[in-house]
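Undergrad: Dock chain S against the given chain X, drawing on the hints supplied.
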Amino acid sequence: MTTSHDARPLATNPSPDVPSHAPAPRVTELSGHAYKRRKAFNRELVLAAIPQSFIKLDPRQMRHSPVMFTVLVGTVVSVVACAAQIIQASPDVVFSLVITLWLLLTVLFANFSEALAEGRGKAQADSLRAGRQGLLARRLKGAARGEGNAAEESVPAPELRKGDLVVCEAGDVVPSDGEIVEGLAMIDESAITGESAPVVRESGGDRSAVTGGTKVISDRVVVRITADPGQTFIDRMIALVEGAERQMTPNEAALHVLLVALTIVFLAVTVVLVPFANLAGAVPSPVVLVALLVCLIPTTIGALVPAIGIAGMDRLVQHNVLATSGRAVETAGDITTLLLDKTGTITFGNRRAVDFLPAPGVPEAEFIAAARLASLADETPEGRSIVDLAGERGATGPSLDELARSAGQQGAFAVVEFSAMTRMSGLDEGKRRYRKGAASAVARWVRELGGDIPPGVRDDVDSIASDGGTPLVVATDDGVDQPERHRPRVLGTVHLADVVKPGIADRFAALRRMGIRTVMITGDNRLTAAAIAKEAGVDDYLAEATPEDKLTRIRAEQKAGQLVAMTGDGTNDAPALAAADVGVAMNSGTQAAKEAANMVDLDSDPTKLIDVVAIGKQLLITRGSLTTFSVANDVAKYFAIIPALFVAVFPGLSLLNVMGLTSPKSAVLAAVIFNAIIIVLLVPLALRGVRYRPVTAQQALRRNLLVYGVGGIVAPFIGIKIIDLLLALVPGLH
Amino acid sequence: MQFSFLSFITQIGILVVALGAVHRPLGAYLAKVADDGAHLRFERWIYKAAGVGPDSEQTWKGYARSMVAFSVAGVILLYAAERLQPLLSGGRMASVDPWVAMNTAISFITNTNWQAYVPESTLGFVVQMAFLAVQNFVSAAVGIAIAFALVRGFVRKGSDSLGNFWVDVTRITFRVLLPLAAVVAALLIVTGVVQDFSPSTVHNAITGVSQTIPGGPVASQEAIKELGTNGGGYFNANSSHPFENPNAFSNIFEVFLLLAIPFSLPYTFGQMVGSRKQGYTILTVMAALWLIAEGIMASTIAAWPNLGEGLEQRFGPAASGIFATATTLTSTGAVDSMHDSLPPLAGGMAMFDMMLGEIAPGGVGSGLYGMLVLAVLAVFLGGLMVGRTPEYLGKKIQARHMTLAALYLLVTPVLVLVLTGAAVLIPSVVADAPSQGPHQFSELLYAFTSGANNNGSAFAGISASDPLISSLMNVAMWLGRVLPMVLVLALAGSFAAQKPIPPSPGTLATYGPLFAGLLGTVTVLFTALNYFPALALGPIAEGTFR
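Residue numbers (UniProt numbering), protein chains in the order written: chain X, 1 to 734; chain S, 1 to 546.
Rather than coming from a laboratory, the hints here were simulated on the basis of the structure. Hints are supplied without guarantee of correctness; some may be wrong.
[Claimed, not checked] Stretch by stretch, here's where chain S covers chain X in the computed footprint (C-beta under 8 Å, at least three residues): (1) 271–279; (2) 512–525; (3) 555–563; (4) 632–642; (5) 653–660; (6) 695–709.
Glycine included, every Cβ here is placed at the ideal spot set by N, Cα and C.
Chain X with its partners taken away, still in its complex shape:
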């Protein structure tokens, strides 16, 4: 017993031509064009974020970011100092006021970035909320549930409970999260995913889940509600983006410590400058000291940390994945082993006919025609692939309907459905019977009728099986009406093979470069598994796997220090999903699986795991890169401010004014303005994430050190110089 997709009854396999709602993005294209990229500065979102920036000035909120809180306190000190200067009618008042204004802007810019990130998530949530306001559901009444003629009643959406059945037709909004139990429909999910192309959802199979707030745009479906009020996807998403559930992730906490430590050191540096400078006889004004402090503490990363975290969550949502916590997203970046189900992830998930091998002495055309007839009524992907391949090989004939019509007149036509008893399917037409099935099943049938399987066919069967394929044997019998004239004949073997998705080997190679091993899980026997594993280029495989095996494997990997991610959908998978460091449940899967996992993929696409890993990595890289950038910026700020502070007493220090800044005042001001503006300039980067490529750690480090480390040292020299040149044009500042 197993939940592996391979072991499922063939009939429940999803139809292969359900269009995927979005092309699976290649790892190499992440944050690129595969998913619709939203602009960082959407007009409405910006307008909404501006008042938020002020509301967030509340010290109780600011306290969570020690860096920005320090800036806020510094701004207050600066305001007081300005007031004192006004009373004393100091000539520096204008300069001090301008500095103070920019300090305030620094805080506001930080709040703005956070508000903007929240706004992007909230915008989606709000439109959904609005969509649900006063929404009525068409609930099916009473015991007649699921029957086509059941009576409908109209109830407010928030009253829906788990297990209720509702009807949705074109134009209706799906009232709550659920699963389609009847029908097929096109659904517009743009309200959640921002993706405007509609997707197909249908009962049965992996794409039966619908989300509350999405819109049905064609056909009619019956949906069984799977979430109680307050527990729907959108409810949880709102909670996540609104920060109610935003807890610090482990890496965020570690970074937080570093930022606090840097703030303390720079606070000490600035404060002791007062006695130091006093000894030299040149104490800078409090405003200038605050300016120095604000420039030194890591405001850039301190301001952007919340936005980076929220945007990471947001990116995940754009990929139609719901994470239960930010921690899970971050862990995804650390994954070292991926356990991937073969079916649907590595292969297309259904075996396809790839060859016809006629029995000795049987003409190929006769065998192909018989194989086609035997499969004509078989609606499984395997059956259809046989018909398709026969067509490609020139065997065209009447369709099932035509056959039925012509045979119906003669009264001798019957479809033989696949049954667990016979393990064969086929067609009776006139006096002839056509059967196809596993070799052993067909052999039994043939023997019962007095025939046997020729040795040539047996050889074919064995060789197909040892190559990892599935042999299907086709046989026929002429004597339906006259039992004594039975002439059972084995016509040949159809080679069914699991087809490995094109390009999958490249993706695994990319993962290997990133240091991630892939392990294929399959219910197939070892031979089959080994053949597919080789073709797909996975690092390891687990054949004849039961859910218990999965769990054992996860434990073993973890014991060896690996961090494991896996996908699953069945109740049997729940323990393994819970044990894995990152467990992604398919939305189409069972409730038990979803509860055990720490992520749910709304598209039920097992390949998504690879993207989730990339999103996790991108989150960390963005944080690390901006931290490096922020700290590296300090070098230039020192060269701007320190000579400005003391050049009056030690004229020789003008040697340190390597940027040749116009005057001490414009130097300090330029540094402060640069420090504030850089936050806004980096908001799009924080929201979008630093570009991530699947390269080795060494290559990634070299690149990011060059861009954000060296760049972080050089950029402010240029920026401050430009601002200084502009300030030189402003009269009255010097």
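TA: Quick look at chain S alone, frame taken from chain X:
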């Protein structure tokens, strides 16, 4: 006096070759001492006498408690010995002033060897040999022991212990430092360093005047003074005294000695963690920083128009620069010239060397653990930039580790800055620094940089015996030694408890030129950001004075 580049290059070349030859055998031997499961017979006697179970392991807290207890006991013992000197010397030497005694006790226990007294006239043979010299050995051993404990933290998997403090200190003292010091002392005597118990009478052939100069067991003290990166000289003039450092050969030999163990420990580290390239990466960063610092020091000296008195007259300014750099980059503080007399920017360079945290190569043990903590910071930044939770040697760096590492890196700069800030606010302390202008500030900044980093050298001229400045120095030395050590042990304990993650291509490689470059840059940048304003008001203001 002329600066000779030829002399500079030659001396650096000799040092590089000598250190290159010695780091491997010495480093491998140290690793063997750290990991040896067997005890020598006399060690067993010591453990028995001290009531230590040599095979019992300590948690990080136990290790830290032992270290603190040992240090406190050392301070009390040394203080008592100085105060009771009349008793110990049979009345020949006077009791040491209480302020000076306490300052000296803390100074020697913390491996600082800041000397607020004139040793040859204040302390007799007994206190020098039986107490100060013993501390020279054991304070060095404590430093190395803490480094061992940190490395074990990286090596051990899911363990709650870091080794045994008493065993480590005993072994390092008796198996490493004592034998080495004995050999070195013999070699020093060969070079002409004095070893006797009576004053010498020296006739000056030019002036025809004879003078009596106190002698003493100088060579034996000198050996551990350099080997253990202690720096406390037998004479006030330290290694510029001809009895301590008689000639050009003894001079370069002493520089070699103070660099020898610190430059060997990265090899020990590589050996213990089972990856020599990890050790060589640390060594490369240390060596590169040392050579760059030597180069800058040499250029600042060469560029100064009037090299004055106070620089080493016998061996030339190049030798002064080399010694000054080596002594400030290690936590030695021995001097063969007066740093006060260095050109301003060279003096600033000496300060910057100490401000680096003395990690290139640093004090015995403290250099290695200091560099490894910086490596944790570099790995954290680098690790995030490659998209993984940062890990060093398979150990994840999380909030707790970051807290400990950040506190470690914060302690010394905050001590230096805050204590200097406090000092300049106290008029009597400011008056202790006799110069004016930026140089006066430099003298105070230098003193606290030296104290908090446990270096021990000074800009001569500052009067360090004043009770107030003495107390501030005591705070700097004690906290600058004990706090970082406790934090390192906590970090080690936290790492030891973790199970390691096997490396993969997705792991940040903590070896090779790229990481070495990152580590070196992080080190210099972090130091520069902490001290730039202070340096600007001191040596830079003085050096750019127009």
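Undergrad: Holds or violated: the region 271–279 of chain X covered by chain S, criterion of 3 or more residues with Cβ-Cβ distance under 8 Å?
TA: holds (count 9)
Undergrad: At least three residues with a C-beta closer than 8 Å to a C-beta of chain S: is that true for the region 695–709 of chain X?
TA: holds (count 10)
Undergrad: Taking a Cβ-to-Cβ distance below 8 Å as contact, does the region 653–660 of chain X have at least three residues touching chain S?
TA: holds (count 3)
Undergrad: Are there three or more residues in the region 632–642 of chain X whose C-beta lies within less than 8 Å of some C-beta in chain S?
TA: n = 5 at 8 Å, threshold three: holds.
Undergrad: Counting residues of the region 555–563 of chain X with a beta carbon closer than 8 Å to any beta carbon of chain S, are there 3 or more?
TA: holds (count 4)
Undergrad: Do at least three Cβ atoms from the region 512–525 of chain X come closer than 8 Å to Cβ atoms of chain S?
TA: holds (count 6)
Of the numbered hints stated above, none is contradicted by the structure.
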